[in-house]
Amino acid sequence: MLTYILRRIIQTLVVIILLSYVIFTIMALMPGDPVELMISSNPKITPEDVIRLREFYGLDQPAWKRYGNWVSTLAQGDLGYSRTYRVPVTDLLGPRLWNTFVLSMAAMVFSLVVAIPLGIMSALKPGGKLDSFLNFFSFAGISIPSFWLGIMLIIIFAVKLGWFPAGGTQTIGLEGASIWARIFDSTYFLVLPVLSLSIQGIGRFVRFTRSAMMEALRNDFIRTAKAKGLPRSAVLWKHAFRNALIPLITVVALSISSVFSGAILTETVFSYQGVGKLVFDSIIANDFNVAMVSFVISISMVLIMNLVADILYGFADPRISYS
Amino acid sequence: MQNMALALFVTLGLGLHAGAAPSNKELKIGISQEFENMNPLIMTMSATTYMYRMVGRTLVVLDADAKWVPNLAKEIPSLEKGTAKIVEVGGKKKLIANWEILENAKWGDGKPVVCEDFAFTRTVAASPNVSVGEKETFTQVEKIEWDEKTPKKCVFTYEKPKWDFYQLANFFPLPKHIEGPVWEKYGKQKEGYEKNSNYVKSPTNKGLYNGPYLVTSVRLGDHVAFEPNPNFYGEKPKIQKIIVKLISNTGTMEANLRSGTIDMISTLGFALDQALAFDKKVKSEGLPYVTHFVPSITYEHIDLLLDNPILKDLTVRKALMHSINREDLVKALFEGKQSAAQHFVSPKDPWYTTDPKFVTTYRYSKREAQKLFDEAGWKVGADGYRYKDGKKLSLTFMTTAGNKTRELVQTYLQEQWKQVGVEILIKNEPAKVFFGETTRKRKFGSMAMYAWVSSPENNPRSTLHSKSIPSEKNGWSGQNNPGWVNAGVDKAIDALDTEFDAKKRMAYAWEMQKAYTQEVPVIPLYYRSDISVVPTSLKNYRMPGHQFHETTEIEKWTF
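Order-wise, the sequence lines are chains A and B. According to my numbering, the first sequence is numbered sequentially starting from 1. According to my numbering, the second sequence is numbered sequentially starting from 1.
Hint data in this document are derived by calculation from the structure and do not stem from the laboratory. It cannot be assumed that every hint is accurate.
Unchecked claim - In silico EDC-like cross-links for lysine to aspartate or glutamate, where the CA-CA straight-line distance does not exceed 20 Å: (1) B/Lys473 x A/Glu55; (2) B/Lys135 x A/Asp131; (3) B/Lys152 x B/Glu75; (4) B/Lys388 x B/Glu407; (5) B/Lys188 x A/Glu55; (6) B/Lys190 x A/Asp281; (7) B/Lys160 x A/Asp60; (8) B/Lys473 x A/Glu48; (9) B/Lys473 x A/Asp60; (10) B/Lys371 x B/Glu285; (11) A/Lys160 x B/Glu285; (12) B/Lys92 x B/Glu142; (13) B/Lys467 x A/Glu48; (14) B/Lys135 x A/Glu48; (15) B/Lys432 x A/Asp281; (16) B/Lys201 x A/Asp91; (17) B/Lys74 x B/Glu145; (18) B/Lys391 x B/Glu407; (19) B/Lys337 x B/Asp273; (20) B/Lys441 x A/Asp91; (21) B/Lys93 x B/Glu145; (22) B/Lys162 x B/Glu134; (23) B/Lys190 x A/Glu55.
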């Protein structure tokens, strides 16, 4: 097992290095750079300024050399400096990653808590009234565009009822308040974005749980367990659900891998200070340091969560062994 | 997405949740553009400048009436008053100006604003280790001197005797007593100063600011909060707390306004179509807001690539002008809230003229256009399009993809040019590609539509001088994208900077407008309007329509 994990970690590192180089090169091929942004906002910038700034930022060097510089800075523990926002990447990205993590995890946990019982109930009586009802709402949840749902939630709960704020991350000026006051305040701002993100997640997880449970319930060992006279709950949770877990683990693990990638539409609609829009803007503005750090985090999360899922398979199903 | 939001408001007919009415206690302003760290030396984003005007002041400023007025200075030096003079040093002409800083001008921590602050700022900006964008703003001041006994009386020596010296070297000072130690410690490292500046490490330090407000909270990507500066030299601010909130999705800007999350939408908020729709709702629903549309100096136009064999012909360019009805365009698409453009100078500029002695106007006339196309040898073929030597009169028309207003204008003009036999092929690109590659390297084939932002009495060197034609040789710098070469215009541009006689400068500007409208290197379309939405109860709010935002007078705002 240990050898397997070590081998996978080494593979992961190699993939990260290769992918980061590919991404860096692709970004370098994109037209425009931070100096272009300056020119477009200030026509008084002279040709001399343009040449000086390109040299200053190293934009006159080939991509491989710039990549080398970036890696060596990163190796020294310095994530670099944002050319767009003119602050260290750590200062910029840290709070936003945390906000995105809180939003995505809250939405996922809420989705799973609601969806798994509903999916199981749906699988127990396929074709029944409850199943039809849940199927309808699952498909509706999956199909609703998140920006539309976000705007609807704002109109109803912020504009009409005034129950929740239309956007933001926390009340401005609350920085000095107690930890509980800040947690309560952040939760208040999270309600609508979490709801908006969860509706889709619930629909998706209900469908996955239903299908995995139905598959598991069709197995011979379920019939045997029932014939042995095992209680219904034992058949359901110990035998059926445990076997339904493998496909669920894959889906949940892959979903967790995106918790730091950001939900760009939801974050934008709710003016939520997350990482999604920041990454998008940094790519558009060729803000290499911000974009590259975000990419590396996203790639690492996908690879790590895949590894975690593989390890969890072994726990869920003793037949799977890595020795 | 934004249209869907607007449609939902209308179709659902939802009532309005009444937020607390804005008062002098607090004002929340919505912006849709990102902002950066607020170091005035290196900031480049409009939203940052918008906010910095609340906390920082310069020696002079262009007010809402487009007049230069003193801010931190007691008065503007001039040759007439004897407070400025041209001298000759080592055979070179230079300009020396005496600036006196207001006696009660202080930083937020109570320390006086002195000449040393300006000299320090110039030193930092001139350093090769600091990534200042427009270096010339600082380096054109060769030195700043003062007597220790009179630290507020500064003598600026300017490298060249330019008439607009007081506008050009108009930078925000840095507080030496706070930023000096940072500079001493990190100034020798590349980017060392800007990474460790107090504007990054401690942006709420009161001593960093000298304007009517102080920064109390900054969260990049979210908001900046301000409170009055008790040490401000001028009129005391009336509003006790101001929050500038970033709402990057303009589609939800209205929802945020209606729900009370923000109280007003700044000039960096609504797009024109949203503002027009909202203005109708304000009137029909009796909402307590005013939608302001103020003509600005932003000039929307179409660059004609003069290397193109078709567009090289002046007769064709004139025919293209006669083919389009720009007056009708602004009425139909903008409900008259933006005005048709004559040339590159806006009506807000003292240099603007429509005098027929200088400005050639091209009235809408299909007949005149057809006559000119015929004269140029472009005859109508069986398919209704024009041909010359078997080649179709076909032009590529490019702009930024996804910009709804520009795409509407494009379709409108495409139809009008089709009526006179010109085929227009629309080929739009994302702004990043369009500005980063296509216009910069003059790869737009025929026509490129976009806007220029300038300022009153601005020397158009970067856009009209023949030396500003981007090429590989000059590293694709300069913004004369059509590739226009006119010796008279070059001469006027070169002479303009050092001409101290206002009448002569005006004459140069008119000569340039004359050549511009006669030779049509560019098709002028319209001057954009600045837009904002403010509560009806907000008083003393004036939108200037130029690069100095309305926040220049924020201390006067009151409810």
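Here is what the structure says about each hint:
1. Proximity of B/Lys473 to A/Glu55 is assessed by CA-CA distance (about 17 Å); at most 20 Å being required, the pair is judged to hold.
2. Taken as a hint, the B/Lys135 and A/Asp131 pair is broken in the structure, with Cα atoms around 69 Å apart against an allowance of 20 Å.
3. A C-alpha spacing of about 13 Å is found between B/Lys152 and B/Glu75, which places the hinted pair at or below 20 Å, so the restraint holds.
4. Simply put, B/Lys388 and B/Glu407 have alpha-carbon atoms about 29 Å apart, too far for the 20 Å limit, and the pair is violated.
5. For the hint pairing B/Lys188 with A/Glu55, the CA-to-CA distance comes to about 17 Å; that is within 20 Å, so the pair holds.
6. Distance check on the hinted pair: B/Lys190 and A/Asp281 sit about 25 Å apart at the alpha-carbon level, beyond 20 Å; violated.
7. The suggested pairing of B/Lys160 with A/Asp60 is violated, with an alpha-carbon distance near 31 Å, which exceeds 20 Å.
8. For the proposed pair B/Lys473 and A/Glu48, the alpha carbon gap of about 13 Å is at most 20 Å, so the pair holds.
9. Between B/Lys473 and A/Asp60 the alpha-carbon distance is near 15 Å, which keeps this suggested pair within the 20 Å criterion.
10. As the CA atoms of B/Lys371 and B/Glu285 are separated by approximately 51 Å, the hinted pair breaks the 20 Å bound.
11. Taking the CA atoms of A/Lys160 and B/Glu285, the gap is near 15 Å; set against the 20 Å cutoff, the hint holds.
12. Between B/Lys92 and B/Glu142, the direct Cα distance comes to roughly 13 Å. Compliance with the 20 Å bound is thereby established for this hinted pair.
13. A threshold of 20 Å between alpha carbons decides the hint, and for B/Lys467 with A/Glu48 the separation of about 13 Å falls inside it, so the pair holds.
14. Between the alpha carbons of B/Lys135 and A/Glu48 the distance comes to roughly 9 Å, so the proposed pair stays at or under 20 Å and holds.
15. Of the pairs offered as hints, the one joining B/Lys432 and A/Asp281 holds, with about 11 Å between alpha carbons and a cut-off of 20 Å not exceeded.
16. For the hint pairing B/Lys201 with A/Asp91, the CA-to-CA distance comes to about 10 Å; that is within 20 Å, so the pair holds.
17. Only pairs whose Cα atoms come within 20 Å are accepted, and B/Lys74 paired with B/Glu145 is accepted, the gap being roughly 17 Å.
18. Simply put, B/Lys391 and B/Glu407 have alpha-carbon atoms about 27 Å apart, too far for the 20 Å limit, and the pair is violated.
19. A C-alpha spacing of about 11 Å is found between B/Lys337 and B/Asp273, which places the hinted pair at or below 20 Å, so the restraint holds.
20. A threshold of 20 Å between alpha carbons decides the hint, and for B/Lys441 with A/Asp91 the separation of about 36 Å lies outside it, so the pair is violated.
21. Between B/Lys93 and B/Glu145 the alpha-carbon distance is near 18 Å, which keeps this suggested pair within the 20 Å criterion.
22. Taking the CA atoms of B/Lys162 and B/Glu134, the gap is about 17 Å. The hint holds against a cut of 20 Å.
23. A distance of roughly 12 Å separates the Cα atoms of B/Lys190 and A/Glu55; the hinted pair therefore holds under the 20 Å criterion.
Hint compliance for this structure: hints 2, 4, 6, 7, 10, 18 and 20 are not met, and every other hint is.
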